[in-house]
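Keeping their order, the protein sequence lines are chains L and Z. With my numbering as the guide, the letters of the first sequence map in order to residues 290 to 540. With my numbering as the guide, the letters of the second sequence map in order to residues 233 to 557.
Worth flagging that the hints you see were computed from the coordinates, not collected in a lab. Beta carbons: idealized from backbone N, C-alpha and C, even for Gly. Among the hints, a few may not be true.
Quick list of in silico lysine-lysine cross-link-like pairs, BS3-like style, CA-CA up to 27 Å [what the hints assert, rightly or not]:
(1) L:K515 / Z:K239
(2) L:K318 / L:K349
(3) L:K405 / Z:K239
(4) L:K310 / L:K515
(5) L:K310 / L:K353
(6) L:K318 / L:K297
Going by beta-carbon spacing under 10 Å, a handful of chain Z positions derived as facing chain L [as the list claims (entries may be wrong)]:
(7) R406
(8) L412
(9) R415
(10) D417
(11) V420
(12) S423
(13) F424
(14) G425
(15) P427
(16) T428
(17) V437
(18) I454
(19) S458
(20) E466
(21) G481
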Amino acid sequence: MTYLLECKGITKNFGGLGALKDINIQVTKGEIIGIIGPNGAGKTTLFNIIAGALPPSYGKVFFKGHEISEKPAAEVCRLGIARTYQIVRPFNSLTTLENILIGLSFGRIKPPTYKKRIIEAMNILTFMGLGTKANNAAETLTLVEKKYLEMARAMATSPEILLLDEVLSGLGPAETVRAMDTIRQIQTLGVTVIMIEHVLRVIMELCHRVIVLNYGVKIAEDRPNKVASNPEVVEAYIGNFGMDEQETLHA
Amino acid sequence: MSWIQRKNLYLIAILFLCVLAALPLLASSYALMWVFLMAVYLTLALSYDIVGGFLGYMNLGHSTSFGLGAYSTAILLNHDFGLALALFLATVFTAAFAAIVSYPFFRLRGAYFALATFGLIGLMEVLATNLQHVTGGSGGISTPPGDYMVPAYYLSLVAASGTVILSYFLGRSRFGLALLSIREDEEVARSFGVPTFPYKSLSLVISSVPASLVGGIYVWNITYMSPSAAFGLEIALSPVVMAMLGGTGITLGPFVGAAFITLIQELLWIKVAYFHVTIYGILLVLLGLFMPGGLLRTRWLWPVVQRIGFGEKIDYFKKQGTLQT
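Here chain L stands alone, though its shape is the one from the complex (with noise of 0.2 Å):
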C-alpha cells in the first residue's frame, strides 16, 4: 500500500549537530497527527524537510510514493503539501486578501480567472473568519488574526496535506477551541492535518495520532490517551527529577 506521505529513515544533521535521527512517519489520507516532544526536539526541522525547506541529510519523503525529498519548496506546494510557520509570516505590507491570493495563484488548484481567484479567496477568508479584513493591511492584524492568515493562506494552495506549526499557541481558552473547530473542519474538507503542538488537551481531542519526538529521536508513536501514559514520554516531558535525585543522594 503506498501511502499519502512516508517518510523513510530521515536524518538531518547541522554540522554536527544531529537534528534528526532515522525518522520514520507513515501517513494515510484523512488523518490529523500530532507531532509533540520538548524545544530542540527537531520538529520544525521535520516540517521544513517535508515541505522542501531543507533536504534531509540521509532519507527520503515519499508523497504518494512519489520522491520529493529532492524537489524545491515550490514544487512540493504545488504537489499539495502546504505550511504555516510557527513565527507567522505573513506577507506583511500586502493586504490580507493579497495574501490569500498568492496562495491562490501558485497553490496546487488555480482558478482559471481573476474573478474566479478573488471570489474563492473571499470564501476562503469568510471560512477563516477574516472576511472583514480583506483590504487590511496583514501587519496590521492581530497576532490571532495572523495566525488565521497563515492557515488560510496555507489553505489557498488547496493542499492534500496541511503542516501546521504551533498554530494554537498563545491563543486564549476560548479562541483555541475556535481553532480546534477550525482544524477539524478543515479535516471534513478532506485536508490531511499533521500539527506540531504543546497544548496537550489539544492534541488530546483532535488528533487520530501522536508522534513525539525527543532529541531528534521518534520515543513514541500511538494513539493519544497511550501516549500520554507512555513512561518514555512522560520522562522526555517532565524529566526524570525522582530518579535523579537518588543518584546524585548516592554519589
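Model the placement of chain Z on the given structure of chain L, informed by the hints.
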C-alpha cells in the same frame, strides 16, 4: 476632491497625451527636447521600478540596459541597419544579456545585490572605453546625423506610455503578485508555490527591455553616445532617485519622481552645472532616512493614491460589492 477617481484619471491621462502629441506643432525644439528627456527618464525610472520596487531588489546597474541598448543601436545604425531593426536587435541583445547576468546576480540579496549591479556599470564603462574598434573608445560613438527630433519625440512618448501601461498591469497581475511576495519574504513565497528564481530572472529581463529601447531612441536622436553618458553615475542614479522619491512599487511613483526631478534638474543646470549629481546623492540619503516610502506614501497623499487604485493595492472594494449581490 471627488474628481479624483480612476475614470477621471484615465481621462486626464488621455488629455495629457493629446497635448503632448500636439506639442511639436506648438512648442520650440527646446521644449520638445525637454519633454523627450523627461520621457526617457520616466521610462528608465518605471522600468527600474519593476525590479527595484515590485521585486524589492535595488538594481543600481539598471543603466547597463540603457547603455547597452544605446551602444548596440548605434553600432547597428552605423552598419546601415534600419532604425526599427536596429532597435529590435539591440533590445533582444540587451534582454539576453540581462537573462545571463540575472543568473549570478540573483544569488545575492540586499546590499550585496545592489553592490554587484553597481559594479556591473563600472565594468561596462571600462569595456566601452577600451573596446575602441567597436565602441569608439573614450571619444564615444556617433551615428548618422540628421534631424530626428520630432519622430524621436513621438517614439519616446510611445516607449514611456508603453512602460506606464506595462507597470500598471504588472501591479495587478499574477506575475506582479509573485514579485511582491518575493519582495516581502522570499522563503515564504517559495513555500507557497512561487518559483522565485525564474520570476526574478524574468523581471530583470522585462525591466531591461524599455530601458534598452529608450537608450536606442536616445542615441538615434542625439546621434552621439559616450561611455560616461551611457554608464556614468548620473544616468545610473537618477532613475533610482526618481523611483524612490515618488514611491517604489507604485506605477504613479516614478512618474511623480521623474517629473519632480527633471524640473529641479532644469533649474539646477541653469544655475550650477554638475551640482545636480551631488543633489542626487544627498536626496538618496535623505529619502532613505526620512521618506523610505516616497512622496506618494506620505500620510496626506497615500489615501488619494489608494482611492485612484493606482497603488499596489487592487481595489477589491468594488469586487467585494459584486460578490455580495
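Verification of the hints:
no., hint, verdict
1, L:K515 / Z:K239, "violated, 66 Å"
2, L:K318 / L:K349, "holds, 19 Å"
3, L:K405 / Z:K239, "holds, 24 Å"
4, L:K310 / L:K515, "holds, 23 Å"
5, L:K310 / L:K353, "holds, 23 Å"
6, L:K318 / L:K297, "holds, 18 Å"
7, R406, "holds, 5 Å"
8, L412, "holds, 6 Å"
9, R415, "holds, 8 Å"
10, D417, "holds, 6 Å"
11, V420, "holds, 5 Å"
12, S423, "holds, 5 Å"
13, F424, "holds, 5 Å"
14, G425, "holds, 3 Å"
15, P427, "holds, 5 Å"
16, T428, "holds, 7 Å"
17, V437, "violated, 20 Å"
18, I454, "violated, 40 Å"
19, S458, "violated, 41 Å"
20, E466, "violated, 31 Å"
21, G481, "holds, 9 Å"
Violation of the numbered hints given earlier is confined to hints 1, 17, 18, 19 and 20; the remaining hints are satisfied by the structure.
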